[in-house]
Structures are given as C-alpha cells and as structure tokens.
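Sequence order for the protein chains is A and B.
When we follow our numbering, the leftmost residue of the first sequence carries the number 57, and every step to the right adds one.
When we follow our numbering, the leftmost residue of the second sequence carries the number 1279, and every step to the right adds one.
If you are wondering where the hints come from, they were derived from the structure by calculation, not from laboratory data.
Please note that the accuracy of each hint is not assured.
[What the hints assert, rightly or not] List time: in silico SDA-like cross-link candidates among lysine to any residue, alpha-carbon distance up to 20 Å:
#  : chain 1 : residue 1 : chain 2 : residue 2
1  : B       : LYS1280   : A       : ARG125
2  : B       : LYS1305   : A       : GLY124
3  : B       : LYS1305   : A       : PRO134
4  : B       : LYS1280   : A       : ILE95
5  : B       : LYS1305   : A       : MET192
6  : B       : LYS1280   : B       : PHE1339
7  : B       : LYS1355   : A       : ARG169
8  : B       : LYS1343   : A       : GLY82
9  : B       : LYS1280   : A       : SER96
10 : B       : LYS1305   : A       : SER96
11 : B       : LYS1305   : A       : LEU136
12 : A       : LYS186    : B       : ASP1319
13 : A       : LYS186    : B       : ASP1311
14 : B       : LYS1280   : A       : ILE103
15 : B       : LYS1280   : A       : MET192
16 : B       : LYS1305   : A       : ASN93
17 : B       : LYS1305   : A       : GLY82
18 : B       : LYS1280   : A       : ALA94
19 : B       : LYS1305   : A       : ILE95
20 : B       : LYS1340   : A       : SER72
21 : B       : LYS1280   : A       : ASP101
22 : B       : LYS1305   : A       : ALA94
23 : B       : LYS1340   : B       : ASP1319
24 : B       : LYS1343   : B       : THR1360
25 : B       : LYS1343   : A       : ARG169
26 : B       : LYS1280   : A       : SER175
27 : A       : LYS186    : B       : ASP1317
In case you want the letters, here they are:
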Amino acid sequence: MTLPIWPIIGGILIGSSAVLLMWLIGRTAGISSIVWNAISTPNSDRIWQVLFVFGLAIGAFLFHELSGRPFPQINNDPKLAIAAGLLVGFGVRLGSGCTSGHGVCGIGRLAPRSLVATSVFMVVAILTVKIVRNTMGA
Amino acid sequence: MKALTGLCAGILFGIGLAASGMTDTAKVIGFLDITGHWDPDLIWVMGSAVLVTLVGYRIVFKRSKPVFAESFSIPSKITIDTRLILGAGLFGLGWGLYGYCPGPAIAALVYQSPTTLLFVLTMLFGMWLSGWVSGQFK
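So that you can see chain A by itself, here it is in the shape it has in the complex (with noise of 0.2 Å):
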C-alpha cells in the first residue's frame, strides 16, 4: 500500500493553521464560524476572520498555481448545489460547527460535543451517499 501524500500533506497544513491561530490569537480554525462572523459581525474582531476567508481561496489558488495540478471536476448540478448549500448552512449554524470546527479542532481538544457532532455528521454523510447511490443504481 503507498500512502496517499498529498491528503497527509494537506492534512497536515489544515492542522498547522488550526494550531498557529490558536498560538497567536487564541483562535479556533471552525470555518463556518469565521465565516458567518465575517459577514455578520460589526465590529473590530471581523477582520481577521474576512483575512482568513479571503485567505481559504488564495491558499487553493496558490496551490494549483504552484504544484501545476489542475482545478478538479466539480458537481455541477444547480438544484443539488442549492439543495445542500441550504442544508449545510443551516445544519452548521444550528450545530455549532462543521469539519474543521468540531472535526479537527473540537477532537483536537478532545471536546465531547465536537466527538458527538463529528460521529453524527460523518454517519449521517455516509448513509446519504449510500442512499444516493442506492437509488440512482450508480
């Protein structure tokens, strides 16, 4: 078996920026967070939470640019884009999280909401992709 690298390369860089957020401004790396309260916070704190969204595309930007590997092929379906774009947003604001927030940084810590709501949504994404795929015979 050889080891996939560039999933452990990019691990490990989504670990870094977790942890050096938190060495230098006592931050936790929960994307959906960042990003609701950059859109929605009025006041000095939303900086560096706008810097960090900004930050998300220029980083993948940069790593296409470059490593020379081309931008994948993504879903192109609208109505499944709106339909989960609704479902993810809502489920992460009522959660409290997503990956990143309670995914990486909530185990990290070893909070036992962040253990909870990663075992459910892991779970629950799996039997989604199960059913999909169950029903469209893919």
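Fit chain B to the supplied structure of chain A, relying on the hints for placement.
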C-alpha cells in the same frame, strides 16, 4: 497582527484543502461511499490534521495566553443537546448530497464554477435562516 495571522492561517488552510483533495466533490463522495467503491484517501486528511492539533494544542495551552491576544477563546458549551445533534445531522446530509463542507466550498470559488457560487450563496442563506429560526423559538 491579528489581521495578518488571520490571512496567513487562511492561506495555509486553503493550500491544505486544495492539496488534500477536499475541494474535489467526486473525491469526497468516493471517500464517504464506504459500502461501495470506497476511496479511503481522505481519512488521512482528518487523521493527520487531528494529530497536529492534538499535539500542537497541548503545547500551545501550556502558555498562559496567546501571543497577540489577551486570552484563549475556547467554545464554552459542554451540553450535548438536540441542536448539536440535529445541526450535525442536517450538515451531514448536505455534505453527503453534494460533497462540500463550508471550507472547501469557499476555497473552491477560485475554480470559478457557477454551481460552487450557488452552493456558497445558499449556504450563507442557510446560516442566516438557522439564526432566524432559532430566534423564533427563544
């Protein structure tokens, strides 16, 4: 310094997302499809990211405060409630349907797909709606 930290952490996170394969919807769905044609690569992303935060946070929390802030802001909630479970469930459903969680969706805006933009916009609307609905039940 807070702003600069936000930008750098965002860029690092964005490189990580693009490098890892998390911005590739088909790759994510393949990872979630554990009972079908499972592509386990992305388990390494979460695995290595969590390993870095588990170790890194431990070192960082030995400090009395962050470098550029007065205190660590750690989520204080500890109760595992319906909101957490329901929110994580709805998020998992959306993630499994389309293949994006919030961070990768925002990073993927650089791929300039209108479908991704649609996902991000409805996600933001979903976040707003979640707050509005929660407000109605207070």
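Do the hints match the structure? See the list:
1. B:LYS1280 to A:ARG125: This hinted pair is violated, its Cα atoms lying about 32 Å apart.
2. B:LYS1305 to A:GLY124: OK: B:LYS1305 and A:GLY124 at ~19 Å, within 20 Å.
3. B:LYS1305 to A:PRO134: Given pair B:LYS1305, A:PRO134 holds - Cα atoms ~19 Å apart, limit 20 Å.
4. B:LYS1280 to A:ILE95: 17 Å, holds
5. B:LYS1305 to A:MET192: With Cα atoms ~18 Å apart, B:LYS1305 and A:MET192 stay inside 20 Å; holds.
6. B:LYS1280 to B:PHE1339: 18 Å, holds
7. B:LYS1355 to A:ARG169: 8 Å, holds
8. B:LYS1343 to A:GLY82: Roughly 7 Å between the alpha carbons, so the hint for B:LYS1343 and A:GLY82 holds.
9. B:LYS1280 to A:SER96: With a Cα-Cα distance of about 18 Å, the restraint between B:LYS1280 and A:SER96 holds, given a limit of 20 Å.
10. B:LYS1305 to A:SER96: 32 Å, violated
11. B:LYS1305 to A:LEU136: It holds: about 17 Å lies between the C-alpha atoms, which stays within 20 Å.
12. A:LYS186 to B:ASP1319: Judged against 20 Å, a Cα distance of about 18 Å means the pair holds.
13. A:LYS186 to B:ASP1311: 6 Å, holds
14. B:LYS1280 to A:ILE103: 8 Å, holds
15. B:LYS1280 to A:MET192: 48 Å, violated
16. B:LYS1305 to A:ASN93: Outside the cut-off at roughly 29 Å; violated.
17. B:LYS1305 to A:GLY82: Given pair B:LYS1305, A:GLY82 is violated - Cα atoms ~33 Å apart, limit 20 Å.
18. B:LYS1280 to A:ALA94: 14 Å, holds
19. B:LYS1305 to A:ILE95: 29 Å, violated
20. B:LYS1340 to A:SER72: 17 Å, holds
21. B:LYS1280 to A:ASP101: 9 Å, holds
22. B:LYS1305 to A:ALA94: 29 Å, violated
23. B:LYS1340 to B:ASP1319: 33 Å, violated
24. B:LYS1343 to B:THR1360: Status violated; Cα separation ~33 Å.
25. B:LYS1343 to A:ARG169: Violated - the C-alpha atoms of A:ARG169 and B:LYS1343 are around 24 Å apart, more than 20 Å.
26. B:LYS1280 to A:SER175: 32 Å, violated
27. A:LYS186 to B:ASP1317: Satisfied, since the Cα-Cα distance of roughly 14 Å is no more than 20 Å.
The structure does not agree with the numbered hints 1, 10, 15, 16, 17, 19, 22, 23, 24, 25 and 26 stated previously, though it agrees with the rest.
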